[in-house]
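> Work the whole structure out from these sequences, hints included.
Chains as they are written, first to last, in the working numbering: chain L, 39 to 471; chain X, 39 to 471.
Note that identical chains are pooled: a pair holds if it fits in a single copy or bridges any two copies.
Computed cross-link-like contacts, EDC-like style, restricted to lysine to aspartate or glutamate with a CA-CA straight-line distance of at most 16 angstroms:
1) Lys62 x Asp328
2) Lys375 x Asp65
3) Lys296 x Asp385
4) Lys97 x Asp86
5) Lys441 x Asp293
6) Lys83 x Glu104
7) Lys375 x Glu69
8) Lys399 x Glu424
9) Lys58 x Asp328
10) Lys58 x Asp92
11) Lys83 x Glu101
12) Lys40 x Glu69
13) Lys454 x Asp395
14) Lys260 x Asp385
Note that these hints are calculated values from the structure, not bench results.
Remember, predicted model here, so these are calculated numbers, not experimental data.
2 protein chains.
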Amino acid sequence: MKSLRIGLVGIGTVGQGVYKNLEKNADLIAERCGIRLEIVRVAEKFWDRKRVVDVPQAKRCTEAAEVTRDPKIDVVIELIGGTTIAGDIILDALKHKKPVVTANKALLAHRGEELFAAAAKNHTNIFYEASVAGGIPIIKALREGLIANRIQSIHGIINGTCNYILSRMAAEGADFEAVLKDAQAQGYAEANPSLDVDGGDTAHKAVILASLAYGFWVDFDKVHIEGIRSVTAADMQYADKLGYVIKLLATIKADGGKQVEVRVHPTLVPKGHLLASINGVFNAVFVRGDVVGDTAYYGRGAGMDATSSAIISDLVDIALDMKFNAHRRVPPFVPHKMYGKLKPMDDVISRYYLRLDVVDKPGVLAQIATILGKANIGIMSVIQPEGHEGQKVPLILMIHDAKDSAMRAALDKIDKLDCVRSQSVMFRVESFE
Amino acid sequence: MKSLRIGLVGIGTVGQGVYKNLEKNADLIAERCGIRLEIVRVAEKFWDRKRVVDVPQAKRCTEAAEVTRDPKIDVVIELIGGTTIAGDIILDALKHKKPVVTANKALLAHRGEELFAAAAKNHTNIFYEASVAGGIPIIKALREGLIANRIQSIHGIINGTCNYILSRMAAEGADFEAVLKDAQAQGYAEANPSLDVDGGDTAHKAVILASLAYGFWVDFDKVHIEGIRSVTAADMQYADKLGYVIKLLATIKADGGKQVEVRVHPTLVPKGHLLASINGVFNAVFVRGDVVGDTAYYGRGAGMDATSSAIISDLVDIALDMKFNAHRRVPPFVPHKMYGKLKPMDDVISRYYLRLDVVDKPGVLAQIATILGKANIGIMSVIQPEGHEGQKVPLILMIHDAKDSAMRAALDKIDKLDCVRSQSVMFRVESFE
Chain L
39 MKSLRIGLVG
49 IGTVGQGVYK
59 NLEKNADLIA
69 ERCGIRLEIV
79 RVAEKFWDRK
89 RVVDVPQAKR
99 CTEAAEVTRD
109 PKIDVVIELI
119 GGTTIAGDII
129 LDALKHKKPV
139 VTANKALLAH
149 RGEELFAAAA
159 KNHTNIFYEA
169 SVAGGIPIIK
179 ALREGLIANR
189 IQSIHGIING
199 TCNYILSRMA
209 AEGADFEAVL
219 KDAQAQGYAE
229 ANPSLDVDGG
239 DTAHKAVILA
249 SLAYGFWVDF
259 DKVHIEGIRS
269 VTAADMQYAD
279 KLGYVIKLLA
289 TIKADGGKQV
299 EVRVHPTLVP
309 KGHLLASING
319 VFNAVFVRGD
329 VVGDTAYYGR
339 GAGMDATSSA
349 IISDLVDIAL
359 DMKFNAHRRV
369 PPFVPHKMYG
379 KLKPMDDVIS
389 RYYLRLDVVD
399 KPGVLAQIAT
409 ILGKANIGIM
419 SVIQPEGHEG
429 QKVPLILMIH
439 DAKDSAMRAA
449 LDKIDKLDCV
459 RSQSVMFRVE
469 SFE
Chain X
39 MKSLRIGLVG
49 IGTVGQGVYK
59 NLEKNADLIA
69 ERCGIRLEIV
79 RVAEKFWDRK
89 RVVDVPQAKR
99 CTEAAEVTRD
109 PKIDVVIELI
119 GGTTIAGDII
129 LDALKHKKPV
139 VTANKALLAH
149 RGEELFAAAA
159 KNHTNIFYEA
169 SVAGGIPIIK
179 ALREGLIANR
189 IQSIHGIING
199 TCNYILSRMA
209 AEGADFEAVL
219 KDAQAQGYAE
229 ANPSLDVDGG
239 DTAHKAVILA
249 SLAYGFWVDF
259 DKVHIEGIRS
269 VTAADMQYAD
279 KLGYVIKLLA
289 TIKADGGKQV
299 EVRVHPTLVP
309 KGHLLASING
319 VFNAVFVRGD
329 VVGDTAYYGR
339 GAGMDATSSA
349 IISDLVDIAL
359 DMKFNAHRRV
369 PPFVPHKMYG
379 KLKPMDDVIS
389 RYYLRLDVVD
399 KPGVLAQIAT
409 ILGKANIGIM
419 SVIQPEGHEG
429 QKVPLILMIH
439 DAKDSAMRAA
449 LDKIDKLDCV
459 RSQSVMFRVE
469 SFE
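Okay, structure coming up:
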């Protein structure tokens, strides 16, 4: 039986998962694909760290180049993370005609175009199933399973940490900071949680999904990103009363023309929708295609095992492509002309949830409604919890479809009113219509 | 640009979907995969029927052999259905070295092994993404995306008609017959609904999923099949009270050893589980792998458009394999040794929901509990709606894990008690633990 000789760069959590699971299911995988997948070398700077797998001395090395440049290695898995050295390692592997598997979403979001061009130039390939939604085969689904479709929209819960925090906030009525602290203690959030809770990680994955679906490389720096720090327990309760839950969604949407929205922000999701029922660290991606209609994909978005399932499936694709000398049978990214560019956030139309802190006195609602009315922005419904005259009370408004620029301009005016006591909170509402 | 010359046999609903959507998205598909997909001939006996697509005279023919034997045709799509002529057509195409795409689950469930052997003998291939769960790329997910995994279990809602009927029964408190009639009037159920509501269609798909996942061909005739005719509005209400909804599930499960359960029957699903929230004609497949953990796949399980999305993705796989002369890069079925055979239904262990019609008099529960106790079968909980002494009342029992054979033997005894007035109803309960 043929074998695929694999070089692994970086043996942290995910690397150990790949090593462990390739050993565990080696025979089954070989029976299924007809090729043995063998890790023949592992490059790692810090061999003294404790690990769940025991890499024999003969397979250990410390320099990535010992993997990327060895002619006896067929494929390189990059798992060191970061956007600088990892990029150099991948470029070096490609230069040596080796296909690369990576889970590095930050790197792909920032330098995907460059890396994919290098892969094309060297007649080799990059696979990255593990970069989005962990073990869920969403890249394969978009790239192959749904190839017949113009993708109309993608809505993803693709950051487990945020979904864990928001799920607990909704279930327990707890505030962000308290749940974050507990999530950190339990290992569901990093000591520095910014990449997760401020939305950057979700945006990295959104850029990858959108670029793949729409065939033009989405500029990460132009993606609108809001994290979940501004969501309060009170927002969860108001949303619940209105029939929604609040999720951090990546929203990717094509209009009829040549523009695609890509944005990341807390979003009110109707309770009856599938995405509203995705709780804890689980991920889900909801994809609407013009031929297939609505589809969804659910699973663990992170973790050594789930992520390694995705990496191994990429390795099998590479092994089969090598067997048939079909190195770029499915390229990592195919530009196409159906959709051309990112829609400016100013032009994005959405419904909104507004929470204002106002002084409870006559005429307040009239002042706010007048500003919205003049901007031609319609109010769908209002919740004003009972308060005491002259005291601060929250005022919740649900707003009809309006342009982002118009909504922001109106909010600026509202925030300047005497009766509004702190900066208003605005979340978008998705109806999935 | 290269092109793939497609011959279509049968242009009913799904055939028209393939024709229409290949035309509609021809440019996009060609951009994405680098090959033009062109239907060059359509074989159909009844050209006088009304259709939503207009097939030019030059492409029309009436004999399947004009498609299967034409050297200018690269691939054959079989969409006539049935298990006899359709099989002959596929065998003829394979003999002429043409890969085949089919949506024919009945044919594959009954004759898959024979057809796949013929494909191997002729060094060509069969693709069948559309045969299970319509537009959901579940075959690709199992065959490729989850290839690293020992599949621990698959639970599928894979018949839209049954799920539509059960969803409406649950929502409206209506009985089976009434909803079926309405479903027929609205086109959600066939005039002869047996294949759907008696579970056969679900079992066809279960055989395909199980065979693919476990690497041995599952004998359709040995699959335990129960349909949904025995589910009543009252059962839905009792299930609801107990925290469940009733779904027709395909259940496929490996034990630690060499046996796999494959069974189709109404199943109580806990309300909090993802599958409980799948309503209407939608399908969902819940897959647990030893590496990836829990994953799920959701979408439309039928319809001209959704099904054609799956067929077109198969066509692209074939087109790419042809381009690289990699005709059996991914075979339709790979036998492997991890799991060997079907577990006899007698040995299957499950929880149960029992509904008995008993006479409301002292000692009834004691008699029933005694039979169960002697068989070492534990009662989890009991619902007995208030009745009038001496009259018939329902008695609902939730039963702990027990072997199917033991449960059936105990039920036989219970049904013979004087106090039990009609045949008991038994549904299985899935805990997804």
